[in-house]
Amino acid sequence: MNSSDFSAHTPAPEPPPVADDGTPEPASAADSLRVLVSCVLAWAIPGLGHIASGRVGRGISFALIVLSLFFGGILLHGKVYRPEPGEPLTYLAAVGAAGVGLPYVIAQKAGWNLGDIRSQSYEYGNTFTLVAGLLNLLIVLDAYDVATGRR
Amino acid sequence: MHSHFLYMVLFAAAVGTVLGAMLRSEVLQAARLAMWITMGLVGTALALAWAMYFISP
Numbered sequence: 147m148n149s150s151d152f153s154a155h156t157p158a159p160e161p162p163p164v165a166d167d168g169t170p171e172p173a174s175a176a177d178s179l180r181v182l183v184s185c186v187l188a189w190a191i192p193g194l195g196h197i198a199s200g201r202v203g204r205g206i207s208f209a210l211i212v213l214s215l216f217f218g219g220i221l222l223h224g225k226v227y228r229p230e231p232g233e234p235l236t237y238l239a240a241v242g243a244a245g246v247g248l249p250y251v252i253a254q255k256a257g258w259n260l261g262d263i264r265s266q267s268y269e270y271g272n273t274f275t276l277v278a279g280l281l282n283l284l285i286v287l288d289a290y291d292v293a294t295g296r297r
Numbered sequence: 126m127h128s129h130f131l132y133m134v135l136f137a138a139a140v141g142t143v144l145g146a147m148l149r150s151e152v153l154q155a156a157r158l159a160m161w162i163t164m165g166l167v168g169t170a171l172a173l174a175w176a177m178y179f180i181s182p
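Protein sequences appear in the order of chains H and V. Residue numbering for the first sequence follows our numbering, beginning at 147 and increasing consecutively. Residue numbering for the second sequence follows our numbering, beginning at 126 and increasing consecutively.
Treat the hints as calculated values from the structure; they're not laboratory data. Think of the CB as a built atom: it goes at the ideal place given N, C-alpha and C, for glycine as much as any other residue. Do not take every clue at face value.
Here are the computed distance ranges between Cβ atoms for each label pair [what the hints assert, rightly or not]:
1) A175(H) to S128(V): 45 to 55 Å
2) Q154(V) to P229(H): 51 to 61 Å
3) R264(H) to L171(V): 23 to 33 Å
4) L179(H) to F130(V): 43 to 53 Å
5) L173(V) to Y237(H): 38 to 48 Å
6) S178(H) to Y178(V): 52 to 62 Å
7) L179(H) to Y178(V): 31 to 41 Å
8) L148(V) to S178(H): 18 to 28 Å
9) S178(H) to A176(V): 26 to 36 Å
10) R296(H) to R157(V): 21 to 31 Å
11) A156(V) to G232(H): 41 to 51 Å
12) D177(H) to Y178(V): 29 to 39 Å
13) M164(V) to L179(H): 35 to 45 Å
Simulated coverage check for chain H against chain V, where a stretch passes if three residues somewhere in it have a Cβ under 8 Å from a Cβ of chain V [unchecked claim]:
14) 196 to 209
15) 229 to 243
16) 248 to 262
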């Protein structure tokens with residue numbers, strides 16, 4: 147087992163290309179597109195950016211954890227933040243929660259975003275959904291590092 | 126039934142696992158860091174809870 151990626155068949159990341167004088171070569175358009183696609187995939191579906199870069203085990207682990215946290219928060223009657231006029235902090239919270247990608251859109255469209263303030267687990271649910279988005283933003287940054295060969 | 130402590134432990138474990146996997150490349154090292162982060166989050170929460178007991182009105 148390749149212990150560096152939690153999966154059995156994981157290619158080692160390629161080092162960034164360097165010129166003869168040792169300075170990094172500028173990325174080609176294809177490389178830039180690949181990195182962009184990897185980051186967009188990582189945002190849209192948690193873990194998919196890592197899977198697209200060959201880090202299958204790590205990507206599946208991230209997907210399981212982030213999606214469990216997000217939908218677990220909804221099951222705990224937490225709300226999924228969205229911008230509310232007159233309440234500036236909800237804009238920040240919405241940006242954080244939207245970091246989870248398509249599940250955020252699905253939750254908003256399906257009406258799972260309201261929560262139940264009477265529930266004992268309401269605040270826990272809020273925290274779970276918000277932190278799931280924030281963690282996925284960190285995972286997007288990690289996917290960027292993987293796609294560019296820094297990790 | 127709601128177990129606030131269980132929710133806290135689950136939350137800490139999820140955060141610890143993601144951070145451990147991102148910050149360490151080896152499985153064993155990642156698991157060890159995840160465990161320390163999880164224990165640190167839970168321990169800090171319990172310590173703060175006791176501290177708030179002493180300053181409660």
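For each hint, the structure was consulted:
no.	hint	in the structure
1	A175(H) to S128(V): 45 to 55 Å	holds (53 Å)
2	Q154(V) to P229(H): 51 to 61 Å	violated (40 Å)
3	R264(H) to L171(V): 23 to 33 Å	holds (27 Å)
4	L179(H) to F130(V): 43 to 53 Å	holds (47 Å)
5	L173(V) to Y237(H): 38 to 48 Å	violated (28 Å)
6	S178(H) to Y178(V): 52 to 62 Å	holds (55 Å)
7	L179(H) to Y178(V): 31 to 41 Å	violated (56 Å)
8	L148(V) to S178(H): 18 to 28 Å	holds (26 Å)
9	S178(H) to A176(V): 26 to 36 Å	violated (50 Å)
10	R296(H) to R157(V): 21 to 31 Å	holds (23 Å)
11	A156(V) to G232(H): 41 to 51 Å	holds (45 Å)
12	D177(H) to Y178(V): 29 to 39 Å	violated (56 Å)
13	M164(V) to L179(H): 35 to 45 Å	holds (42 Å)
14	196 to 209	holds (count 3)
15	229 to 243	violated (count 0)
16	248 to 262	violated (count 0)
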